[in-house]
Amino acid sequence: MDGARDPRSDETTEQAGKALAASGVAVRAAGADDVVAGVPPRWVALPETAEEIAAVLRVSEEHDLAVVPVGGGTKLHWGAPPSRCDVLLDTCCLNEVVEHEAGDLVVRAQAGLTVEALAEALAAKGQELALDVPVPGTTIGGLVATAIAGPRRFRYGTVRDLLIGITVVLADGTIAHAGGKVVKNVAGYDLGKLFTGSYGTLGVVADATFRLHPLPPSRTWAAASFARPVRSGPGGDASEEASAPEAVRLAGELHAALAAAAGSQAEPVAVELDWPDVTGPATVAVLVEGAASAERADAVRALLGPEARTVGERPGWWGRLPSAPPPSRDGARAETDAGRDEEPPAGRGETLLELRASPSRVAGALAAVHVTALETGTPAAVRGSAPAGVVHVALRADAGRTARFADALRARVEAADGRLVVLSAPPEAADGLDRWGRVGALALMRRVKERFDPGGRMSPGRFVGGI
Amino acid sequence: MSTLERLTARLGAALPPEAVITDPVRLRTYECDGLTYHRATPGVVVLPETAEQVAAVVRLCAEFGVPFVARGSGTGLSGGALPRTDGVLIVTSRMRRILEIDIAGRRAVVEPGVTNLAITEAVRDQGYYYAPDPSSQQICSIGGNVAENSGGAHCLKYGFTVNHVLALQVVTPDGEIVELSEQDAGYDLLGAFIGSEGTLGIATAITVRLSRAPEAVTTLLAAFTDIESGGQAVSAVIAAGVLPAAIEMMDALAIEAAEAAVHCGYPPGAGAVLVVELDGPRAEVERQFTAVERICRDTGAFEVRVAASAEERAAIWKGRKSAFAAVGRISPAYIVQDGVVPRTALPEVLAGIDRLQDEYGIRVANVFHAGDGNLHPLVLFDDSVPGEGERAEAASGRILDLCIEHGGSITGEHGVGVDKARYMPRMFTPDDLDTMQLVRCAFDPEGLSNPGKVFPTPRLCGEVPGVRKGVHPLVEAGLAEQF
Ligand SMILES: Cc1cc2nc3c(=O)[nH]c(=O)nc-3n(C[C@@H](O)[C@H](O)[C@H](O)COP(=O)(O)OP(=O)(O)OC[C@H]3O[C@@H](n4cnc5c(N)ncnc54)[C@H](O)[C@@H]3O)c2cc1C
Ligand SMILES: Cc1cc2nc3c(=O)[nH]c(=O)nc-3n(C[C@H](O)[C@H](O)[C@H](O)COP(=O)(O)OP(=O)(O)OC[C@H]3O[C@@H](n4cnc5c(N)ncnc54)[C@H](O)[C@@H]3O)c2cc1C
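So the sequence lines, in the order shown, correspond to chains V and H.
Heads up: the first sequence runs through residues 1 to 467, numbered per the UniProt record's numbering.
Heads up: the second sequence runs through residues 1 to 483, numbered per the UniProt record's numbering.
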C-alpha cells in the first residue's frame with residue numbers, strides 16, 4: 001500500500017466530493033453493493049458521454065482520486081483488489097448503439113451497452129458479433145477490458161481480433177480515438193489492442209467498434225464422450241502413482257480427438273473440451289456453422305470415434321466458464337462438512353485459473369491438471385478451447401490448498417512453455433497467491449502504465465506486477 | 001570524428017566480418033524502398049545474423065544517441081524503410097532461417113528475413129499454409145509484414161498479419177531482447193507492436209500461426225459493362241451472408257493495362273471485372289458458389305468464368321496480380337495509392353475519383369480489394385510533362401481526403417511511413433496522435449527507432465511526471481508486490 005496517501009483528511013475528501021458534484025455528472029455516495037473486491041469506493045459516478053467520463057477523470061486527477069471503471073460488475077472481483085478506490089465509474093448510462101451500418105458489417109457501441117442488447121440489435125439485421133454469448137449483464141466495456149472469449153475463438157479469434165476502433169478516456173481526461181470503422185486499416189498505433197485486456201488500468205473505454213459476421217444459417221455440434229481414468233488401487237486410492245498413467249492415457253485420447261477435429265477440413269468454428277471433474281469422464285464437442293453444417297459436422301463426428309454423435313442443440317455447458325466440482329471424499333471433505341447445509345452459491349469461494357498451452361502440448365497440460373488435483377487432494381474442472389491454446393480450470397479449496405494447486409500446476413505448465421493465470425480467487429485465498437506467473441515483458445508494461453497513468457490512479461494494483 | 005564514425009568503429013566488434021557496409025556505392029543500393037521517390041543514403045548498413053547481434057548494434061545506437069532503421073526486403077510502399085543519413089540501417093537479409101515448424105501446434109518460428117512465401121512453401125506438403133498473402137509475398141520479409149501489419153487479397157476472410165502472429169522476440173530501442181507473447185498475462189504489447197512500422201524496436205524472431213489448407217477452392221471471374229454493377233454484385237454477395245476468401249475488382253483502365261502487360265484474356269468489352277474466390281469445406285463452397293454466380297448474373301454480369309483447374313485459377317489471378325506493374329505499360333509513371341472506405345461508400349467514392357480525373361486532367365486506374373473497401377487507385381502521369389507529377393500528387397492526396405470524408409482510412413495495408421505522416425492529422429486529432437505516442441515514449445523515449453515515420457510531429461517524451469523511476473525498492477528486493 002502506498003501509505004503516504006491514505007487516509008486523507010476529511011476536508012480533502014469533502015473538497016473532492018464537492019468538485020465531483022460540480023462536474024455536472026451524476027454522482028452518488030457509494031453503498032455496500034459498490035465494493036470492489038473488498039475495497040469500498042466513496043462515490044459512484046454515472047457519466048452519459050465520453051465528455052462526462054473526461055470530466056470525472058479531470059476532477060479525479062486534481063484531487064488525486066483513484067478510479068475503477070465498472071460495466072456489468074460481473075467480474076469486478078477478477079484481478080487483485082485495488083490498492084485504493086475512491087470513485088467507481090459506472091458505464092451503465094453509456095448504453096447506445098452509436099452506429100450500425102449493416103452493409104459494412106460494422107457496429108460502434110458505447111461501453112455500457114450489454115452484449116445481449118447489442119446481439120438483439122444485430123440479429124434484427126441478420127448479423128452478430130462473433131464472440132459467443134457471455135453471462136447476462138456483460139457490457140461491451142467489460143468484454144474489452146477483460147478480453148475473455150468463448151468457444152468460437154478457434155475460428156474468429158478474441159475481442160482483439162474483432163475490435164477495429166476504440167474511444168478511450170485517459171487518467172487526465174484526454175479523449176483519444178484509434179482505429180476507425182473500416183476493417184482494414186493500418187494508420188497509427190492500434191490502441192484498441194493495448195486496451196483489450198487492460199482491466200481498467202490504462203483508462204476508461206468509452207466506446208468500441210467491431211467487425212461483424214453474418215448470422216450463420218445453421219449450426220450443428222458433434223460430440224463424443226471419453227470414459228473416466230480408471231484408478232488402479234482398490235477402493236479408488238487417489239495416489240498419484242496409482243492413476244497418473246491412466247490420466248496420461250485419457251489426456252492422450254482427448255488430445256488426439258481435439259487435434260483431429262481442429263485439423264479437419266470441415267472447418268469447425270469451435271473445438272471444446274468439457275471435463276467437469278478431472279477424475280471423471282470428459283466430453284469433446286465441436287461446432288460447425290454455416291452452409292452445409294450438418295454434412296460437415298458429420299465429417300467431424302467420424303473423426304471423433306464410433307461413439308460420437310451430432311446434435312442441433314448446444315450442449316448445456318457450452319460457452320460457460322467451468323464450475324468447481326463438489327469436494328471429494330478425501331482431501332476437501334473435512335473443510336466443508338461443517339457447513340454442509342450451506343453449499344456456497346455457484347462461483348463463490350471458487351478459484352478460476354486460465355491455462356494456456358500450445359495445441360501440441362494439450363495432452364501434457366491436461367495430465368498436469370489431473371496429477372495436480374490428485375496430489376493436492378483438490379477436485380478440479382477443466383473446460384475450454386484446447387486447440388486454441390486456452391482452457392479454464394475451476395476448483396474450490398481452502399487457501400493453503402488453492403495456493404499449492406496453483407503453484408504446482410503452474411510449475412508443470414511453465415516447464416512446458418505454457419502459462420497459468422489466476423483469474424479470480426476468494427479473498428481468503430488471495431494473499432498467498434501469485435496471480436500472474438511468468439510475464440515476458442513486465443518492465444515494458446510498467447513503462448506503458450507509467451506513461452498512460454503517471455499518477456497510478458486507474459484501477460491501481462489490480463494487474464500484473466502490481467500495475 | 002563524427003558520432004556516427006565513432007559508432008561505426010565499434011560495430012566490427014559486435015558483428016561478423018563483412019557485416020558492416022560503409023562503401024558509398026554499396027550503401028546506395030539501400031537508399032529507398034518500393035516507394036522510390038523518397039531517397040536517402042544510409043550512414044552505415046549492418047547485416048546481423050542473430051538477435052544478439054541486432055541487440056548489440058541497437059545498444060551502440062542507444063549509447064551514441066544515433067537513430068536506426070530496420071529493413072527487410074525493401075518492398076514497402078510508404079517509405080517506411082527510408083534510411084537516415086545520420087543513422088544505422090539494420091538489414092535482416094542474413095536472418096533467413098526457419099527455426100521451428102510445429103504442425104501439431106499449428107505454428108512455426110522464423111527469423112525476420114524469411115520471406116512470406118517461404119513459410120507456406122515449408123509446410124504446404126503437410127496440408128498447411130501461412131494465411132496473410134501480400135502480392136509481394138515472394139520477396140517481402142515476415143519482419144516487414146509484422147511492421148506493416150500486412151494483408152493480402154485473402155485477408156477479407158482470414159485477417160491480417162496481427163491475427164496470425166502468436167509471439168515475437170523483439171530487440172527494444174534500448175537494446176534489450178524481450179518476448180511478447182499472446183500467452184502472457186498483461187497488456188497486449190504484441191498487438192501494439194504489430195503495425196508499428198519499426199518505431200518500437202526490431203522483431204528478431206516471429207512465431208506465426210499455420211492454417212489448415214482448405215478442402216476446396218473455387219475462383220470465378222465475372223465481367224460487367226460498368227463498375228457500378230460490379231459494385232452492386234459485391235454488396236449483394238455480402239448481404240447474402242457469403243464471406244468469400246477474396247473479392248477483387250478492376251476497372252476498364254486497369255484491365256487495359258493488364259491485357260497490355262500479361263495478356264490475361266479477360267472478356268473483351270468489360271468495364272469492370274470481379275474476381276471472387278471461395279474456399280473452405282467442399283460442401284460449403286459449392287453452395288456459396290451457386291449463390292455468387294446467380295448474384296453476378298442478376299446484377300448484370302455478361303460473362304462468368306469459373307476456374308476448373310489450378311492453371312485456370314492462376315490465369316484469372318494473373319491479370320489482377322500484375323495490375324500494379326502493368327500500368328507501367330500504359331503510363332510512363334504512376335502513384336500507387338492505398339486508401340480504405342466503408343464498403344457501402346464505394347460507389348460514391350469511385351464517382352468522386354472520376355470527378356478528380358477531370359479536375360486534374362490525369363487518369364486513374366482502379367484496382368481494389370472490393371470486399372473490404374480497400375482501394376488502390378493508380379494515378380497515372382507523365383513525368384516528362386512539367387507540372388503533371390505535382391498534379392498527380394495533388395489528386396492522389398485528394399483521394400485520401402475522399403476516404404477520410406467517408407469514414408475510411410488513409411492506409412489499409414501499405415502503412416504511413418514517411419509518405420503519409422502528413423495526412424495523419426486529417427484522420428486523427430492532436431490528442432489521438434499524442435496518446436498513440438505515449439506508447440512510443442514507453443518503448444523508445446529517446447526516439448531512436450525509425451524516427452520521422454508514422455507521426456508528423458514527434459512527441460517529446462520527457463520524464464514521467466510524479467512517479468518513481470523503475471520499480472519500488474521493496475519489489476526489487478523481492479519483498480513485496482508493488483501496489
Ligand atoms: C463467451 C463468453 C462466455 C463467458 N462465460 C462466462 C461464464 O460462464 N461465467 C462467468 O462468470 N463469466 C463468463 N464470461 C465472462 C464475461 O461475461 C465477463 O463477465 C465480462 O467480460 C465482464 O463484463 P462486465 O461488464 O461485467 O465487467 P465488469 O465486471 O464490470 O468489469 C470487469 C473488469 O473490466 C473493467 N472495466 C469494465 N468496464 C470498463 C470500461 N468501460 N473501461 C475500462 N475498464 C472497464 C473493470 O474495472 C474490471 O476490471 C464469459 C464471457 C464470454 C465472452
Ligand atoms: C508489388 C508489390 C505488391 C505489394 N502488395 C502488398 C499487399 O498485397 N499487401 C500488403 O500489405 N503490402 C503489399 N506491398 C507492400 C510491402 O510488400 C509490405 O509492406 C511488406 O510487408 C514489406 O516487407 P519488406 O520486408 O519489404 O519490408 P521493408 O520495406 O524492408 O520495411 C517495411 C517497414 O518494416 C520495418 N521493418 C522491416 N523489418 C523489420 C523488423 N524485423 N522489425 C521491425 N521493423 C521492421 C521497416 O523499418 C519499415 O518501416 C506490396 C509491395 C509491392 C512492391
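By construction, these hints were calculated from the structure, which means they are not laboratory data.
Hints may be right or wrong, so weigh each one.
Some chain V residues flagged as far from chain H (calculated, every beta-carbon gap over 10 Å) [as the list claims (entries may be wrong)]: (1) Glu11; (2) Ala29; (3) Asn95; (4) Val97; (5) Leu105; (6) Pro217; (7) Ala292; (8) Ala308; (9) Arg309.
Estimated spans, in silico, between C-beta atoms of each pair [stated by the list, open to error]: (10) V:Arg314 with H:Leu99: 39 to 45 Å; (11) V:Pro281 with H:Arg124: 34 to 40 Å; (12) V:Ala123 with H:Gln357: 40 to 46 Å.
Ideal Cβ positions, reconstructed from N, Cα and C, are used throughout, including at glycine.
Quick rundown of the hints versus the structure:
1. Separation of V:Glu11 from chain H is adequate, the least Cβ-Cβ distance of about 22 Å exceeding the 10 Å criterion.
2. With a least CB separation of 25 Å from chain H, V:Ala29 remains clear of the 10 Å interface cut-off, as annotated.
3. No beta-carbon of chain H is positioned within 10 Å of the beta-carbon of V:Asn95; the least distance is around 23 Å.
4. Non-interface status of V:Val97 relative to chain H is upheld: no Cβ of that chain comes within 10 Å, the nearest being about 16 Å off.
5. Distance check on V:Leu105: its Cβ comes as close as 7 Å (rounded) to a Cβ of chain H, failing to clear the 10 Å threshold; non-interface status is violated.
6. With a minimum CB-CB distance of about 7 Å to chain H, V:Pro217 fails to clear the 10 Å threshold, and the non-interface call is violated.
7. With a cut of 10 Å on Cβ distances, V:Ala292 falls inside the contact zone with chain H, its closest approach being about 4 Å.
8. Distance to chain H confirms V:Ala308 as a non-interface residue, since its nearest Cβ pair spans about 18 Å, more than 10 Å.
9. Non-interface call for V:Arg309 relative to chain H: holds, since the shortest CB-CB distance, roughly 19 Å, exceeds 10 Å.
10. For the pair V:Arg314 and H:Leu99, the beta carbons lie near 40 Å from each other, so the given range of 39 to 45 Å is met.
11. At about 39 Å, the CB distance of V:Pro281 to H:Arg124 agrees with the hint of 34 to 40 Å.
12. Checked against the given bound of 40 to 46 Å, the beta carbons of V:Ala123 and H:Gln357, roughly 42 Å apart, stay inside it.
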